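The sequence shown begins at 1 in UniProt numbering and counts up by one.
Mixed in with the good hints, there may be bad ones.
Said to hold, decoys possible - Pairwise CB distance ranges, derived in the manner of DEER restraints:
#: 1; residue 1: K407; residue 2: V344; range: 23 to 33 Å
#: 2; residue 1: Q159; residue 2: E452; range: 25 to 35 Å
#: 3; residue 1: H449; residue 2: T504; range: 12 to 22 Å
#: 4; residue 1: Q258; residue 2: V344; range: 15 to 25 Å
Since the hints were made in silico from the structure, they are not lab data. Treat the numbers as computed from the prediction; the structure is a model and nothing was measured. Every residue, glycine too, gets a C-beta built ideally from N, C-alpha and C.
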Amino acid sequence: MELLKLVIVDDEPILLQGLLDTYDWESMGFEVVGSAKSGVQALDVIRREQPHVVLTDIRMKQMTGLMVMEEIQKEQISCLFVVLSAYRDFEYAKHACDLGAYAYLLKPIDDEQLRSTMTGAYNTCIKQLRSEEKYESWEQLLLKDDDSFLQVVIQKYVQNLIPEEKITEVFSVLHDLPDNHDFFITVCADIDLVYKITNSLDYEASRYAVIQEIEAHVFEHFSYWKFEGEDGNYVLLEKEIERLFFIIKTQQKNAVRQIKTLLEQAKNEEKCPVIASISKPYKGISGIRKSYEEAQKLFGIASASGASAFTIPEDLEEQEDDSKQFSEDREIRIMNSIRKNDFVELKETFIDFIYHLPKEEARQCQYLHKVMLRVQFMLQDTYGMNEDMKNQFANYYSNLNHLPAVKAVDVCYKILCRAIELRQEEAGKNETGYFKEYMAEAVAYIEEHLQEEDLSIIATAAHVYLNPVYFGRIFKSTFHMTFKQYLVKKRMDKAKRMLEEGDTSIRTICEEVGISNPSYFSQLFKQYTGKLPSEYKKEYEV
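Put together the whole structure using the sequences plus the hints.
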């Protein structure tokens, strides 16, 4: 056992000698290197011997044990104090604790309590010594090869192998603590897992080429640390797949967008499929781990969905979503992207949906189940579902309890993409019938906004998520008139009804049908009915 240095202090000579002779200090891990009969003498001994632990009486003449503790603290001498007292005085005990005393023991001393206290003090000191030794070795390594060592430390930090306090110490030694302008972004990149399975002979060479290409295109613009991390979601030949991580330190606000552009350029140079994810920028040392975890999560989504690069909007704030907001916002946007047959928008909305899933896997599957049900009902209410689509949904539901969340994400995304493909095929076969639901919604929108003078085909098409030109063609095919003709008809029909009621002014009618100019309204009305509004009104007067 490594012996630590102990100093014993008591102003009663008999008690001091008893402490020195009665106890087997070596068995407790200590060597008594000095003793003192007063507070003043204790200061000299402590300064000279630099002990690990001081066992001192609290009430002494001239200088008390508390005063000794205060003075040692001022001089920044590092040692533990175990305080002895013959009095059950709460204020003394409280003051001793405030000064950082390790323990407060009452006289006469209980042997077992003393042994237990000194054993605890020994273990505390040993732990502190080992930590200091490790810190000194870290500092020496940093001075020799700071870049390589820092890379190893950061890798251990993001993998939760060392605490944040330790990596903060490393940055402090390097005089490189992040400031308020520093952001950390993590990029995770690798060749698609499918390529590794189907092209195992070319995999290593292709992967090396990809890494070189990415570094050449992207990271010549940024300072970064690179390492490989295991991905527990994928196992191939009994070995977990290792992904390549780049942790970037930057002060550029548009760095995510720039990295994404450069990454796409790098991937275009390679023939093998590359999958990558990019985190949002995060501040501070804690942001290093946060960006790493986010990129790792996004990479899993990208791998499952077969997408080439996943990222999230830079201005997206992390927040806890309640179920109502989650359902009524993100699920509806997924359905709208399918209604628009827009693969790009589906990918973006699905990423957002997955990123905001709750942490519990059971709840993740519940949300996925819910959005699939909503999409299924929407498909049934439009042009129906063919046997292929029905079977896909049926298979999904029948296997729901056996699918882990990461696999459920993959299945859901593929089914949603297939839904868009089928909608596109169906639209080509029966354009008018397919868009029946859209026209019904467009008509309802026109009725609701008829009083708005700026009501237009562009606004109506946007409401039903269709291209205005395409919408205009389908609208005319459905109603056998242009949108403008239909709008004039609806306005004039409403004006006729109001004139027939006989108690509404022309100006009020103009406001209700969205035509602010009475002269223009009269001109349109005569073109539509063959009569001026005043003439038409007289026919219905009693």
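Return the numbers of the hints above that this structure violates; sort them in rising order.
Structure breaks hint 2 only.
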